[in-house]
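Visitor: As given, the protein sequences belong to chains A and B, one line each in that order. Using this note's numbering, read the first sequence as starting at 580 and increasing by one per residue. Using this note's numbering, read the second sequence as starting at 2 and increasing by one per residue.
Certain hints may be false.
[Unchecked claim] Simulated coverage check for chain A against chain B, where a stretch passes if three residues somewhere in it have a Cβ under 8 Å from a Cβ of chain B: (1) 589-601; (2) 626-634; (3) 755-761; (4) 789-798.
Keep in mind that the hints were calculated from the coordinates and are not lab data. Even for Gly, the Cβ is constructed at its ideal location relative to N, Cα and C.
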Amino acid sequence: MFHLHLSLMLGVLIVYALGTAFYLIALKTNEIRWGRYATRLTYAGLAVHTATLLIRWYEAGYLPITNFYESLSFFAWSIVVLYLLLEYRYDIHSLGAFVIPIAFAAIFYAMLLPSEIRPLNPLLQSAWFKVHVPLSFFAYSSFAMSAALSVMYLILEKQIKSKRPHAFYYRLPSLEVLDALSYRLISIGFSLLTITIIIGTFWSLKAWGSYWEWEPKQTWSLISWIIYATQVHGRSVSGWRGKKAAYWSLLGFLTIIFTYLGVNVFGGGLHGFL
Amino acid sequence: MVKNRARKNKTFWGWVWHYCCSIKVALTILILLALTSIIGTIIAQEAPEKMFQIYQPATANILIKLGMNDMYNSWWFIALLGLFILNLTCCTIDRFMPTWKLITKPKKNFSLDCIKARKNSDEIIVPSINGVAEITGIIKKFGYHVTLTDEHSLYAYKGRWARMGYIVTHISIIMVLIGAIMGKVSGYKGFMQIQEGEISPWYWSRTLNKAAKLDFMLGLEKLYMEYYPPEFYFEISDVRNGRVLGKPKVSLGEKFKVPKTGIKGQVVDYRPDYRVADPRPVAERDLTAPPEYPAVLVKYQEKGRVIGERWIFVAGRDLLRQQPLLPDVRISLYNLYAERTKDYKSTLSVYDKGERVLTKTIEVNDPLRYRGVTFYQSSFDKEKRVSGLQVAHDPGVPIVYIFCSTMILGVMMSFYISHRQLWFKVEKARQGYKINMAGMANRNPLGFKQEYDKILAVFNKRKSSG
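Based on the sequences and whatever the hints tell you, model everything.
Guide: Below, the structure is given as structure tokens:
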């Protein structure tokens with residue numbers, strides 16, 4: 580069973596790699612059929628990935644987001660789910676070329692880490708765990724996608740300003756759509772992050788006896804929250820748009836990366852297990 | 002509104018109010034809070050004595066003077082939070098009335114030119130439609146409330162209360178912070194270590210930094226510990242070329258095959274901390290070695306007949322200098338998981354005025370509460386039979402709980418519902434009606450555009466079918 584899991588993960592990795600390649604080809608050639616292949620591949624990858632997660636869940640007997648390996652896999656999964664939803668809703672294939680590589684990189688990194696199933700820490704034997712952790716990853720994915728859109732915005736903006744725009748300028752959505760969509764994802768991510776933090780305080784109160792401990796992960800998630808809160812207000816009150824909003828979204832995503840990875844690298848705190 | 006504010010600014014209090022309501026000031030304070038919060042994750046947050054062990058005396062002195070060692074409780078951080086509460090309150094009050102007006106008294110009627118000038122605006126001539134009444138029916142199907150503003154004009158809206166979302170969120174944040182301050186001012190936190198069979202009112206107060214007494218007594222009746230079954234990870238390799246032949250993972254009593262030999266091994270016993278006195282003189286001992294050597298006892302069988310037993314140590318050091326039993330393969334133990342805690346629980350009793358009033362078994366994630374004091378399971382000492390408990394009294398908790406919940410509500414209102422408005426001008430044309438339509442949403446323009454296009458499509462369909 581253990582090897583089955585790893586082979587499935589390898590399969591997922593390959594499919595996402597192919598998906599990335601197809602999205603890039605679609606962007607380069609501007610042929611719709613490549614985009615369609617890429618979408619189909621991504622759906623197939625998601626199906627295998629979901630099966631992998633379910634098998635892992637069954638084998639371990641708990642929601643498999645309890646260590647770095649499992650969390651990276653779930654992060655990739657949530658990004659792909661969110662991307663496919665967005666592609667279905669707004670019909671933008673070009674985003675895939677920027678987002679599916681993130682899922683690929685997360686799985687690739689995960690494959691380098693120890694993947695054995697370990698017994699569940701008593702702290703995580705709580706219903707809050709099943710809400711807090713998945714929600715946080717959906718928040719991270721929304722921010723990741725918003726950052727990808729901001730990168731697209733900045734590239735496109737540069738292309739437009741240069742007198743001779745590159746061919747793919749014509750294949751990206753308009754600046755206005757990129758800006759609006761990026762902000763939409765920030766709204767989703769920000770609301771999910773707020774709920775994640777609040778549920779975290781409820782759990783923390785039950786488990787550690789205090790709803791706020793100022794431990795590194797909590798503090799950094801608050802810092803990310805403040806960065807995005809600033810952007811939300813900047814937009815609704817002072818009308819931050821375009822480049823400024825794009826840079827700010829990238830800054831926000833940097834703090835999110837630090838919340839997710841940096842805190843684990845530089846010192847555990849109470850969140851040390853993940 | 003603007004004129005009014007400009008006049009207010011001329012007086013001193015007008016000027017103060019202006020700054021208190023400034024969103025720029027609010028965002029500056031927020032970013033300052035974020036930046037200062039980073040300091041606390043870099044500089045050690047420890048008691049003064051410990052700070053001197055970590056930093057140079059001069060540095061430690063400065064850090065302690067600035068309150069950097071307990072940054073989140075330092076006067077300047079609390080002051081910054083206080084300023085933030087003040088600013089957020091003013092901002093919310095200042096913007097309440099305009100928001101209220103947008104909800105209850107929106108601009109319902111625009112001139113035709115105004116409608117045409119809007120970003121989402123279209124003109125359609127629909128031959129087969131029965132005037133205003135039928136248009137109302139169509140828009141109502143999209144969940145809009147529709148009012149007739151004059152005989153040619155329609156106003157439709159939905160989700161208007163979403164505009165209250167940010168007010169709900171802001172009030173919630175203010176109340177959560179007030180609840181947190183209440184907890185800081187009149188609550189306490191501490192730690193209690195209690196031995197099995199002991200009854201005591203004493204705990205170590207982190208708030209006072211000394212031992213303190215509860216108003217009642219707490220007794221530990223029993224301490225339970227549950228462990229996961231042990232697991233052993235072996236690596237079997239060929240002695241000649243070092244090639245790995247297999248990596249069996251087994252539990253106690255489980256058999257595993259030794260490749261190439263037809264022999265089976267079985268773990269029959271294990272020591273999580275095997276110690277053998279090193280017989281060599283001190284100078285020759287390996288001092289870098291870990292002090293504990295976990296080991297397992299493996300029994301080998303060939304065709305059901307036992308051929309011998311050997312201890313296998315983690316990290317491959319054979320402390321017993323045993324004769325090898327299987328010369329062709331090398332079996333090493335690279336991981337031994339024993340005594341992994343599955344759960345620990347404490348049965349606690351509360352004694353108030355000499356009487357036992359309450360007994361409960363607590364565990365991680367399931368504390369005991371009595372007279373506003375909560376006891377959380379946080380650690381244990383197996384050998385001394387001692388249970389470690391977090392002690393907390395926080396009168397702000399109910400407020401924090403309630404307003405955290407309303408904050409979720411406010412955020413959902415703000416981000417998932419949008420106030421959408423449509424304006425229509427309907428005129429009789431030569432054939433049917435000419436409709437001028439315009440729309441606006443306070444957020445999610447892409448989502449609104451999709452709905453707007455759907456409504457437009459309904460009218461366009463009428464056009465072709467007629």
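Visitor: With reference to the structure, classify each hint as holding or not holding.
Guide: These are the hints, each one checked on the structure:
1. Interface restraint, the stretch 589-601 of chain A with chain B: violated (0 residues with C-beta to C-beta distance below 8 Å; minimum three).
2. By the rule of at least three residues with a Cβ nearer than 8 Å to a Cβ of chain B, the coverage given for the stretch 626-634 of chain A is violated, with 0 such residues.
3. Here's how the stretch 755-761 of chain A fares: 3 of its residues keep a CB closer than 8 Å to some CB of chain B, so the rule of at least three is met and the hint holds.
4. Note: the stretch 789-798 of chain A has 6 residues with beta-carbon separation from chain B under 8 Å; the three-residue rule is met and the coverage holds.
Violated hints for the displayed structure, listed by number in ascending order: 1, 2.
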